[in-house]
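Since the structure of chain Z is provided, determine the placement of chains G, U, V and C on it from the hints.
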Amino acid sequence: MLHVPTEVQTGLKLQQIVMIDQSNEIMTAVGTIKLAWQDPKLAFSPDECNCQVKEYTENNFNQFLTETGGDWPDFTFFNQQGNRWALNRVVDVLPDGSVTYLERFSTNFQLNFDFSQYPFDVEDFYIHADMLYPEDRYVMVPMEGFSAIDPQHGEDEFILTDFDTSVTSVIASRVYPTSRFTFHFGAPRYQVYYFFRIFVPVLLIILISYITFFLKDFTRRIEVATGNVLLFIAFSWSLAEDYPRMGYLTFVDVIMAITFMVNTLVVIYNVYLKWLETHEKRETADRIDRVADWVYPIGYVVLIGATIAYFF
Amino acid sequence: MLHVPTEVQTGLKLQQIVMIDQSNEIMTAVGTIKLAWQDPKLAFSPDECNCQVKEYTENNFNQFLTETGGDWPDFTFFNQQGNRWALNRVVDVLPDGSVTYLERFSTNFQLNFDFSQYPFDVEDFYIHADMLYPEDRYVMVPMEGFSAIDPQHGEDEFILTDFDTSVTSVIASRVYPTSRFTFHFGAPRYQVYYFFRIFVPVLLIILISYITFFLKDFTRRIEVATGNVLLFIAFSWSLAEDYPRMGYLTFVDVIMAITFMVNTLVVIYNVYLKWLETHEKRETADRIDRVADWVYPIGYVVLIGATIAYFF
Amino acid sequence: MLHVPTEVQTGLKLQQIVMIDQSNEIMTAVGTIKLAWQDPKLAFSPDECNCQVKEYTENNFNQFLTETGGDWPDFTFFNQQGNRWALNRVVDVLPDGSVTYLERFSTNFQLNFDFSQYPFDVEDFYIHADMLYPEDRYVMVPMEGFSAIDPQHGEDEFILTDFDTSVTSVIASRVYPTSRFTFHFGAPRYQVYYFFRIFVPVLLIILISYITFFLKDFTRRIEVATGNVLLFIAFSWSLAEDYPRMGYLTFVDVIMAITFMVNTLVVIYNVYLKWLETHEKRETADRIDRVADWVYPIGYVVLIGATIAYFF
Amino acid sequence: MLHVPTEVQTGLKLQQIVMIDQSNEIMTAVGTIKLAWQDPKLAFSPDECNCQVKEYTENNFNQFLTETGGDWPDFTFFNQQGNRWALNRVVDVLPDGSVTYLERFSTNFQLNFDFSQYPFDVEDFYIHADMLYPEDRYVMVPMEGFSAIDPQHGEDEFILTDFDTSVTSVIASRVYPTSRFTFHFGAPRYQVYYFFRIFVPVLLIILISYITFFLKDFTRRIEVATGNVLLFIAFSWSLAEDYPRMGYLTFVDVIMAITFMVNTLVVIYNVYLKWLETHEKRETADRIDRVADWVYPIGYVVLIGATIAYFF
Amino acid sequence: MLHVPTEVQTGLKLQQIVMIDQSNEIMTAVGTIKLAWQDPKLAFSPDECNCQVKEYTENNFNQFLTETGGDWPDFTFFNQQGNRWALNRVVDVLPDGSVTYLERFSTNFQLNFDFSQYPFDVEDFYIHADMLYPEDRYVMVPMEGFSAIDPQHGEDEFILTDFDTSVTSVIASRVYPTSRFTFHFGAPRYQVYYFFRIFVPVLLIILISYITFFLKDFTRRIEVATGNVLLFIAFSWSLAEDYPRMGYLTFVDVIMAITFMVNTLVVIYNVYLKWLETHEKRETADRIDRVADWVYPIGYVVLIGATIAYFF
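Protein chains in written order, with our numbering: chain Z, 128 to 439; chain G, 128 to 439; chain U, 128 to 439; chain V, 128 to 439; chain C, 128 to 439.
Be aware that one or more of the hints could be misleading.
Put simply, identical chains are the same to the list, so a pair is met inside one copy or across any two.
[Unchecked claim] Pairs of lysine-lysine residues, derived as BS3-like cross-links and limited to a Cα-Cα distance of at most 25 angstroms, are as follows: (1) K140 - K181; (2) K343 - K181; (3) K343 - K408; (4) K140 - K161; (5) K408 - K140.
Derived by calculation from the structure, the hints in this document are not laboratory data.
Quantities reported herein were computed from a predicted structural model and do not represent experimental measurements.
Excised from the complex, chain Z in its bound form (with noise of 0.2 angstroms):
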């Protein structure tokens, strides 16, 4: 018996992102997929039933089940993580035995983040949903004019603009390749919060403790720079909450690096020209100091302009 796999018009909305829990990799989010597909099986005459469409909802779904005997395109997303609660779930039933699935879900999915570029990241974002029956059976095309990401998603550190849908091939949890229905977005951060809370900061301790240079107190730079060292430390491990216990450093990270070494250095170097100084060598101090006045500032930019080049 020859077998023609059945088309299964596959289409998702992404109505709300719940929560994006970052150092989990976790989305949570509320959206809405629809499954089109034909079964001459379910075809009926509209006299039977005095009715131009059969539906079912949540409450009778299980009929529904009876009536196809199992065989409908049921499906998983693959890369869920918790429950799935289905938040209602609508099947209508044409005379020709043309069905639309309709189901508006709220579950979890896991996120790949890659935090390199952090903050400066585009994330991807992936919902994958897989049919549960063997490609010879069902195949899923993407539907058109349904799939769409809601403005009210309600994502504020996000800036969500363009998706895309996919269908592919895949062997994931089956022995046999199944049908894959993929809705992707990519998505940079805003930068504002970043700007504002981390690099705003950073830039005024930088600045500050610049100034103390044109005093010609080394005592005082002394403790301004070793503060600046705990300051930086106890900064940089406040940004390691917001991402996972990774095998690489992000961009902010080898920003703050920065701020430590150089901070190191100006204790060592100070520690260096108050030693000249209690050895009665203030003159040579002063002079290596006129230096350091432009080498400090220089140095950071070159540092910094470098961490950026490698990075982007």
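Leaving out everything else, chains G, U, V and C in the frame of chain Z:
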């Protein structure tokens, strides 16, 4: 067969606000929704069952579904985010076929806050109940005298007073228009908390740092101003936990940014005075400083005034 | 047909307080509710089933529902906030048709705390059980000798002693009056925690800052008082996490506000003394200061006394 | 009809301790409960079903309930606090009507800790399994050789060694006595954590502050002692998060209270010495101070010794 | 009747690691388990149903249970801790009675970590799937070519590479031996995080405190060393949140303990030098100090080297 849509009277009583999670923009609430409609197919003779009313609760709700053949104005909350717990459901059917559906539910709703005037923002809260079936079958109508916010709602942060309800026609999850009942209220925040926890501390710190201007000790002033920059940075970070990471600055963010800048300028200014002093120009320093005693407070007032003017 | 409402004896045993989340005003608790009523329709002959009592548990509860036709005094907890987990349910029916319903549940209840006298506040806790059916069908009556607070309740923060129960007629979720059984208890807090964690530290800090008045070093005093302002601000922020963001100040907030103000005044006062000193009026400063040694502690006592008088 | 209660052999294996939430006094655990009893009504002929044993699992547990008519020793955990997840249930019935019920469960139990000797406290853990039916129907008996604590229990904070089981007759949720099986174990804490995280830091801080007594610089000592008061207050707050807000002080609280007091006395003492110095009585100060070098450490040892004597 | 146990081919694909909660030692994961066995009772003629394979999913799983009479190799995860969410289940039965069971699940597993070499520890992760029925009915056998760790597992902290599977015979919850399938993998941690967040900061702080040895200002050194003791205590507390409260010290704990001790010794040493100085033995102090410049770094290296030698 011409088909007149059934009118569904809809009301909602908001009974408890369990929690408002502002950084994820989620409101967990307990409420009661009431639907009333006429279904001739459910009419019965009181003699038949020896009763004036047929009543169905959670325990025999399936019986109601069987009797209607699933044909009742089932609904979903459009901006619900997790599971909806039906605390109890009661259906009353009168002999003439008029039906009342009452459900007490506990669920969480998406909020879309605009924090820009925070903490003087007035936020809008919406509960959207959507019909599952199209408008040509069921059309919602606001019910008279049922909708309310229970005075025992238990919300302490927002001042809940008025509300309004409306019915619109939307194309949300489905492809044909469905009826949407919206329960909306706008609420400002109680100001005592923010006044006492944010503005009083900030004012006291600024006041204390201003007073040091009357001590003609430039080193001490540099220390105080440097300390204040760090303090305001910490303050600003702790405030940032109240709302999501957004693409804009709130009123209180800008106030904080002003304190950053002013204190950084104060550091630079005092380093300059100190520099004058060590170069034996103490008199010039004192002359300049006499002006600063006035410029400093006036500058603050002007900047904060401009911020208020911009935001409100 | 005249209809006499069935009397439902109602009792509640509060067995465990799992958690009291004060900032969201939620109490999670385990309890047992007992309902007893007479239903002639359920009377049976002991011979018929060869048993003295018919017993239904969770596993065959549906059978009980079938036998009553759903006609039993079903209830709901009015101030419940999430799901109600029925840990177990037992129904006993005697040959004369007297029925006892016992349910052990675990759920969370809304609290409406008044924190104004915090931490010396006495809070009221309510559990409201509402009948689902109107008063003309079932009327609740407090049961003798069942209601209790289990001595093993496990609550450590509040002192639970007495309780009372009452029955009222309310219009809550329904449109007709239903019977409400209320289990209420008022509880003060154990004071040891607050005494040791708040009042002792505050007193010690004030004491230490007072002692510096005996060191005639004005700069040092300015430093100490400035440090204390910051310390009390941090203290006050950390206390604020114990309760929601409200429209009023609590007793402990006002105490904190007083410490803010006094310390700010101390800063201003000492800057003035320092100014006198640098303008060679050290004697005037010393004369003024001798008065302050007495005014300072007396001022504190008076302010705190006035606060106590206002709040209690 | 005389009725002999059925004996129910009961055993419990504690397999995993998932979490012990000490500040809410909740233990989440996984265990297996085993019940064995004789029910002549379930006896069968092996030929009839061509089997030596009838086995029921979760999937056909309802069939077992039907065959017993709900008449089996159903139970509940008395100190359970949320839902009980039955990970699996297996019932074995032998031809002679002897039944074995095995259930692996995951649930959370209430604990009633006495923290007064914290962190040297030995806490008692209880799991209470109560029969649902009265003692005249089912009486529990401890089962030989089944109850155990799995060596793989996964608990790291408490040292679990011995346990005991017992059966008592209680009136808990019901009004007639029911059988209660109790699984109990007492467990002390591993001391390494507390030694290293609390006592070593406290000792080091006290040691360092003691050393400053050998520097005859009173101002510096005042600074150190003031800093220590604040440090110990912060320490004490952070420790308080480990247990609920209680009506009594723990051992470690009292140790902390002693450090508060001693350091406050040290501040007062040194202000007095400083006052002597500024009033040109440096010699008197030195003479007094020589005594303090000995009184200080001895005082600490005596106070801490007294605390230990009081608590243990 | 002689009874040969049925062989059950078992495989497991670990697809996502949702979260590893190290302080509670819990791993939440998504995986697929596959069981394959032969059941002659399920054999059928393809003509009978006009199909090559009988397929059961979640929606008609009960039908499969009915057809087997509950007689299938049901299993449980032995080290599971909460509920197991079956994301989907598919059963395929071929005409010859060979059955394949596929279940995608999401659940949490107990881990037993040995943190002693933390953060250079290699941890073992286990997933134990136990048969519910005894070994004389079902015996597991590892399935060829199915078990795997999905490269998209999403774990960032541990380096997952190899795994192994095995089958053992255990007496766990039951009293007779059952078959256990174990999926195991050992994983080290990515070192970048710990290197950058712990070892670099500690090294920098030690380096800076060492540099102060070249400033012959003993008071300043005392301050720095005292500050470092507090800093390292805070550091050590913050590290302690990564793992449970255990009965042993980890590698990083011991490193921290060494920094406590060394800094305390530095305080004592410098107080002694200061004492020498104030007693006009500055020369002795300087002579001693010249040695310390070398002893200090060498001491650190030796102590840390000994710690490494002990732990690895």
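Verification of the hints:
1. K140 - K181: within (24 angstroms within a copy, 34 angstroms between copies)
2. K343 - K181: Cα proximity of K343 and K181: none, with 87 angstroms in one copy and 87 angstroms across.
3. K343 - K408: For K343 and K408, both the intra-copy (14 angstroms) and inter-copy (16 angstroms) Cα distances are at most 25 angstroms.
4. K140 - K161: Classified as within: same-chain Cα gap 8 angstroms, cross-chain 29 angstroms, threshold 25 angstroms.
5. K408 - K140: For K408 and K140, neither the intra-copy (74 angstroms) nor the inter-copy (71 angstroms) Cα distance is at most 25 angstroms.
Checked against the numbered hints given earlier, the structure breaks hints 2 and 5 and satisfies all the rest.
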